[in-house]
Amino acid sequence: MIIVCQLAKALRIDENEMRELFSDGVQSIRMNYYPPCPEPHKTIGFSPHSDADALTILFQLDETEGLQVRKDDIWVPIKPLPNALIVNIGDMMEVNNNFS
Numbered sequence: 001m002i003i004v005c006q007l008a009k010a011l012r013i014d015e016n017e018m019r020e021l022f023s024d025g026v027q028s029i030r031m032n033y034y035p036p037c038p039e040p041h042k043t044i045g046f047s048p049h050s051d052a053d054a055l056t057i058l059f060q061l062d063e064t065e066g067l068q069v070r071k072d073d074i075w076v077p078i079k080p081l082p083n084a085l086i087v088n089i090g091d092m093m094e095v096n097n098n099f100s
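So that you can map any letter, position 29 of the sequence shown is 29 in UniProt numbering, and since no number is skipped, the others follow by simple counting.
Keep in mind that the hints were calculated from the coordinates and are not lab data. Be careful, since some hints might not be right.
Result set (DSS-like, lysine-lysine): computed pairs, CA atoms no more than 27 Å apart in a straight line [as the list claims (entries may be wrong)]:
#1 K9 with K71
#2 K79 with K9
#3 K42 with K79
Computed from a prediction, not measured in an experiment: that's the story for all the values here.
Kindly produce the complete structure, drawing on both the sequences and the hints.
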C-alpha cells in the first residue's frame with residue numbers, strides 16, 4: 001500500500017480512492033524476462049506499449065533499451081538507470097481513474 005499511496009500523491013489523486021481500488025486484497029505478481037531478440041520481426045506476443053495491469057514495477061537488468069515513453073506522438077527509448085525501479089501506471093489504472 002505504501003507504493004499505491006505515494007503514487008496517489010504524485011498523481012494528485014485522493015489517497016482514499018486509491019486505497020479503495022486496491023483494497024480487495026486481490027494481488028498478483030508476474031515476473032517477465034525479455035532478453036534481446038535476434039530476429040524481432042519473427043516474434044508474436046502482446047501489443048507493444050500496453051500494460052494490462054494497474055501497476056508495474058520495472059527493473060531493467062542491463063543496457064537493453066526496452067522501455068519507451070510517448071512524446072509528441074513518437075515512441076522514445078529510455079536508457080536504463082542502474083539499480084533503479086520504475087513504477088508504471090497500467091491500463092487498469094488509467095481506466096479506473098479516467099486518465100486518458
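Straight-line alpha-carbon gap K42 to K79, limit 27 Å: holds (25 Å)
K9 paired with K71 [C-alpha distance capped at 27 Å]: holds (23 Å)
Hinted pair K79 and K9, Cα distance within 27 Å: Holds - the C-alpha atoms of K9 and K79 are around 26 Å apart, at most 27 Å.
Hint violations for this structure: none, all hints satisfied.
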